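Protein chains in written order, with our numbering: chain R, 1 to 162; chain X, 1001 to 1254.
These are computed hints drawn from the structure, not numbers from a lab.
Quick caveat: nothing in here was measured; it's all calculated off a predicted structure.
Yeah, the Cβ is synthetic: ideal placement off N, Cα and C, and Gly gets one too.
You may find that some hints are simply not true.
[Stated by the list, open to error] With a Cα cut of at most 30 Å, we get these calculated DSSO-like pairs of lysine-lysine:
hint, chain 1, residue 1, chain 2, residue 2
1, R, K10, R, K95
2, R, K45, R, K97
3, X, K1130, X, K1187
4, X, K1130, R, K97
5, X, K1130, R, K99
6, R, K81, X, K1130
7, X, K1130, R, K95
[Said to hold, decoys possible] Here are some, though not all, of the chain R residues that point toward chain X, as calculated from beta-carbon distances under 8 Å:
hint, residue
8, F50
9, K81
10, I145
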Amino acid sequence: MTITEDRIYKALEQVMDPEIPVLNVLDLGMITHVEITEGEAVLIKMIPTFSACPAVELIRNNIRSTVEKELGASVTVEIDKEAHWNSNRMAESAKEKLKNFGIAPPQIHNGEAYSEILMHTACPHCNSENTYLRSPFGSTLCRAIHYCRECGHVFEHFKPLE
Amino acid sequence: MTRNEAIGYLLTAMADDALVQGHRNSEWTGLGPIMEEDIAFSSMAQDKIGHAWALYRILHENLQGQEPDRFAFLRGEKEYKCCHLVEMPNGEYDFSLMRHFLFDHAEAVRWEQLQHSSFEPLAPLARKLKGEIKYHTLHANAWITQLCRAAEESHARMQSALNACFPLALGIFEPHPEAEQLLMAEKIYAGEAALKEQWMDRVYNILAVAGLNLPDEKAVTPVYGGRKGYHTEYLQPLLDEMGFVFRMDPEAVW
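With the sequences and hints as input, model every part of the structure.
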């Protein structure tokens, strides 16, 4: 079968984030460039969510091995140094998946202070905005911890990032 | 001094600050007073070490520097350019929080400014890191404000931590006239004096709301020396511990 960009994207849909297994690398907006180069080889460029994300190398290897397996082509995965990830890159469909997984999705931001965005994060369990930020840091670099006054759940939130 | 030497000096100083502060933050892992705080300092440790690594990588890839791990762990003490503020032991929580507050606002001002740097690898990194550091200052501001409003004792302890940290924090902005002149002429960054002014304005505004008095700059002696390789007695033991595993087998592949 010939290698097409469409098939590369289909293969990328199978590469899940190791820390949030319901989201793939396309959902997260981590892929910045896909190219079929000379000799039917594939070049993919990606960006990490947080600069100190410990899973970057793992994700990079997973992308390479999955696309190689699906397409039978030689694949190079590079870190894109020109682009930087921000949470507005996350797909709308991904936010729904995140919420169903029990993590509040990041709000769309446009440069305002985080403290204002974080104040009324909707609870993924009961949708109430009667919540407060317990800590801007959580179990992974991309998460914050909130408390819902309505249903009494402590919940995690994928933080907005500029 | 050449242009590249001046850039190397600036990036090494910034990276060494982040690395050493990151290591200090990691010393709260497992010991934080409440779980959220344990997680916060551990997360900030991870961020800081990631930031240091990104800078060491630029030194390596763009300025013919050593491989990042070797540069981070195998240098002699005098080759580090971190300021004394980050070397100090964690002490009590008041000291750790106040250092975190003063240091991270300085980081925020510096990275915001570096978004406009003419040194190409630095500008995109700055745009990324300034967004991450906002969470560090958000955390610091919340604790400074809460503790200062909580009770007399907590207020008094935060004021005494501020008095102890302030001369050390001025050392973040230790001048290096030759390097700064070169870097400013090339529009690589704005220079330490300009960054310090912005930092003072920012921390003053938050401290005022918290009811703390920023000591008079003219009445204190800034703690300089770190940028020139003169360090406190606390750095060498920290380096010994931080690089212990790496030095057991520097050729190991991780």
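Comparing the hints with the structure gives:
1. Taken as a hint, the K10(R) and K95(R) pair is honoured in the structure, with Cα atoms around 20 Å apart against an allowance of 30 Å.
2. As the CA atoms of K45(R) and K97(R) are separated by approximately 24 Å, the hinted pair is consistent with the 30 Å bound.
3. Proposed proximity of K1130(X) and K1187(X) is supported: the alpha carbons are some 19 Å apart, at most 30 Å.
4. Restraint check for K1130(X) and K97(R): the C-alpha separation of about 28 Å stays at or below 30 Å, so the hint holds.
5. A threshold of 30 Å between alpha carbons decides the hint, and for K1130(X) with K99(R) the separation of about 27 Å falls inside it, so the pair holds.
6. Note on K81(R) and K1130(X): the hinted pairing holds, with a Cα-Cα distance of about 16 Å set against a maximum of 30 Å.
7. Our distance criterion of 30 Å between C-alpha atoms is met by K1130(X) and K95(R), whose separation comes to about 24 Å.
8. Annotation: interface hint on F50(R) holds; nearest CB of chain X at approximately 6 Å, less than 8 Å.
9. Restraint check, K81(R) versus chain X: the minimum CB separation of about 7 Å is within 8 Å; hint holds.
10. A hinted interface residue such as I145(R) counts as satisfied when its beta carbon comes closer than 8 Å to some beta carbon of chain X; here the least separation is about 7 Å, so the hint holds.
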